[in-house]
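Line order of the protein sequences matches chains A and B.
Take the first sequence: its position 10, counting from 1, is numbered 10 in the working numbering, and each next residue is one higher.
Take the second sequence: its position 22, counting from 1, is numbered 22 in the working numbering, and each next residue is one higher.
These are computed hints drawn from the structure, not numbers from a lab.
Quick reminder that beta carbons are idealized off the backbone N, C-alpha and C, glycines included.
Accuracy of the hints is not assured; some may be wrong.
What follows is a set of in silico ranges between Cβ atoms, one per label pair, in the way DEER data are often shown [said to hold, decoys possible]:
id, chain 1, residue 1, chain 2, residue 2, range
1, B, 119, A, 61, 25 to 31 Å
2, B, 117, A, 38, 37 to 43 Å
3, B, 90, A, 5, 19 to 25 Å
4, B, 125, A, 55, 23 to 29 Å
5, B, 125, A, 61, 22 to 28 Å
6, B, 143, A, 4, 39 to 45 Å
DSSO-like mimics (lysine-lysine), calculated; alpha carbons at most 30 Å apart, straight line [what the hints assert, rightly or not]:
id, chain 1, residue 1, chain 2, residue 2
7, A, 34, B, 132
8, B, 50, B, 68
9, B, 119, B, 132
10, B, 119, B, 50
11, B, 68, B, 119
12, A, 34, B, 50
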Amino acid sequence: MTVAAIIAILNEIATLEPIGFSLVASFIHGLQGKTDAEILAADADTLTAVVATAHAEAQPQ
Amino acid sequence: MYRKRSNTGLAVIVTFALAVTLAGCPTKGPYHDAVTAEHDFTTVLSNFQKAEMAEHTNGRIDAAEHQKLEAGVEKVGNVAQVLVAGLQANAGTVTIQGEFTAIENALNSLVVDGVFSVKNAQSQNLLAILVKSIQDILQNIGLSLSVQTTTPITAVPATKGAN
Numbered sequence: 001m002t003v004a005a006i007i008a009i010l011n012e013i014a015t016l017e018p019i020g021f022s023l024v025a026s027f028i029h030g031l032q033g034k035t036d037a038e039i040l041a042a043d044a045d046t047l048t049a050v051v052a053t054a055h056a057e058a059q060p061q
Numbered sequence: 001m002y003r004k005r006s007n008t009g010l011a012v013i014v015t016f017a018l019a020v021t022l023a024g025c026p027t028k029g030p031y032h033d034a035v036t037a038e039h040d041f042t043t044v045l046s047n048f049q050k051a052e053m054a055e056h057t058n059g060r061i062d063a064a065e066h067q068k069l070e071a072g073v074e075k076v077g078n079v080a081q082v083l084v085a086g087l088q089a090n091a092g093t094v095t096i097q098g099e100f101t102a103i104e105n106a107l108n109s110l111v112v113d114g115v116f117s118v119k120n121a122q123s124q125n126l127l128a129i130l131v132k133s134i135q136d137i138l139q140n141i142g143l144s145l146s147v148q149t150t151t152p153i154t155a156v157p158a159t160k161g162a163n
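Excised from the complex, chain B in its bound form (with noise of 0.2 Å):
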C-alpha cells in the first residue's frame, strides 16, 4: 500500500536528533564538538547515499541522474576521509576548519549537478532535505570552530563519547 512520505517529520526528526546528540555530551571541547560534527556529516552522508539508491532502485531517479549523484558523493566521501585523516592525526584548528569548508563546496557541487537535476519532485525534496542537514552540520561545526581558532584542538586521551 502506498504510503505518503513525510518529508516535514524527515527534518523534524534529524533536527530533533542532531539537537540530543550534540546537548546529550558530557565531553564538551572543541576537538569532540568536530568528532560529533563529523560522525553526524558521515551518518547523513551514508544515509543520502542509502535514500538516493532506493530511490534509483524504485525507478524515481534515472541512470543519469544516479551516476551524478555518485559521482558527487564519491567527491564529498574523499574530502571526508581527510578530515578524518586529519582529526586522527590531530591537525591544527585551522586545518580541520579548512577540510570542513572543502566538505562545505563538495556538497555545495553535489546539490548544483546532482540534487537539483533530479526531475522527480518528490526524490528531489528526499534527498534536499538531508543535503540541509548535512549543511546545518557544517554550519554549526564552521561557527563553533570559528570561535577556537586561538586555541588548537587536541585530542583527549580516551575521551567518551555522547551518554
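Looking at chain A on its own, in the form it has when it is part of the complex (with noise of 0.2 Å):
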C-alpha cells in the first residue's frame, strides 16, 4: 500500500460522519467487560434521560 494510498483511507475516515464514530464507540464502550446486568442497569438510566429530554422537549414553547 503506498503512502498517497494510506493518506486518502485516514482523509476519508477523518470526513466520515461523527454520529457513526460515536455510535460505534459507544457500541463498544457500552459492552466492553460488563456483565449482561450491568447493561441493562446503565440502560435504563440511558432511557431515563432520553424519556425525560423528550417529554420536556415534545411540549409547545
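From these two lone chains plus the hints, build me the complex, please.
This is the structure:
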C-alpha cells in the first residue's frame, strides 16, 4: 500500500459522519467487560434520560 | 466551512459496528443476544435523539416537526423501559418477544408521524438511516428469538459482555 493510499484512507475516515463514530464508540464501550445486569442497569439510566428529555422537548414552547 | 454529510458512510459505519459488536461476543445464548440487541437499540435511540435535536438547533427541523419527533421518541423510550425491566426480571421468551414487537410498533409510529413529515430532505435522510439501524437490530433479534421459543431465555449470573 502506498503512502498516498494510506493518506487517502485517513482522509476518508476524517471526513466521515461523526455520529457514526460516536455509535461505534458507544457500542464497544457500552459492552466491554460488563455483565448483562450492568449493561441493563446502565441502559435503564440512559432510557430514563432519553424519555425525560423527549417529554420536555415534545411540549409546545 | 460546510462539509458534505456522508449518510452512506454513516450507514456503513452503523452496520459495521453492529456486526463487530454481535460477532465479537464470546458469551452466546438468547438472553445475552436479547441484552445486546436492547443495548444496541438504546444506543441508537439515544443518538437518534441527539441527531434530531442538533438538526432542530441548526434550524433544519422546525418546532412542530421537533415536537412530533420527540413525542415519538418518548413513546419508543417508554416501551424500551418496559423491555429493560422485563429482561432484568428474567421474563419469558414470549414476553420479551412481545416487548420487542411493541418497540417495533412504536418505532413505526415515530417514522410515519415524525420522520416522514420532516421537510428538510437531508435531515429526513439522516433520521431515516438511524431508524433503519434500529429496525435492523429488531429484525435480527426477532429472528433469533423466534428460533428460541422453546428455550426460556434466562440470565446467566455474572455473564460478561462482549470483548
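(request) Please test the hint of 19 to 25 Å on the beta carbon pair from residue 90(B) and residue 5(A). (result) Hint violated: Cβ distance 51 Å, outside 19 to 25 Å.
(message) For the hint 25 to 31 Å, verify it against the beta carbon of residue 119(B) and that of residue 61(A).
(response) 19 Å, violated
(request) Return holds or violated for the Cβ distance of residue 125(B) and residue 55(A) against the range 23 to 29 Å. (result) 26 Å, holds
(request) Take the C-alpha atoms of residue 119(B) and residue 50(B), compute the straight-line distance between them, and say whether it is at most 30 Å. (result) Satisfied, since the Cα-Cα distance of roughly 19 Å is no more than 30 Å.
(message) Run the distance test for residue 68(B) versus residue 119(B): straight-line Cα separation, threshold 30 Å.
(response) 13 Å, holds
(message) Checking one constraint from the list: CA of residue 50(B) to CA of residue 68(B), max 30 Å. Satisfied?
(response) The given pair, whose Cα atoms are some 15 Å apart, holds under the 30 Å limit.
(request) Given the range 22 to 28 Å, decide if the beta-carbon distance of residue 125(B) to residue 61(A) lies inside it. (result) Holds, since residue 125(B) and residue 61(A) (Cβ atoms, about 26 Å apart) stay within the stated range.
(request) Starting from residue 119(B), check that the Cα of residue 132(B) is at most 30 Å away, please. (result) Distance ~19 Å between residue 119(B) and residue 132(B) Cα, so the pair holds.
(message) Taking the Cβ atom of residue 117(B) and the Cβ atom of residue 38(A), is their distance within the range 37 to 43 Å?
(response) With Cβ atoms ~38 Å apart, the hint holds.
(request) Sort out whether residue 50(B) lies within 30 Å of residue 34(A), counting only the CA atoms. (result) Given that 30 Å is the threshold and the Cα spacing comes to 25 Å, the pair holds.
(request) For residue 143(B) and residue 4(A), compare the CB-CB distance with the range 39 to 45 Å and indicate the outcome. (result) Roughly 43 Å apart at Cβ, these two residues keep to the hinted range, so it holds.
(message) Holds or violated: residue 34(A) and residue 132(B), Cα atoms, limit 30 Å.
(response) With Cα atoms ~27 Å apart, residue 34(A) and residue 132(B) stay inside 30 Å; holds.
In this structure, the earlier hints numbered 1 and 3 are contradicted, and the remaining ones agree with it.
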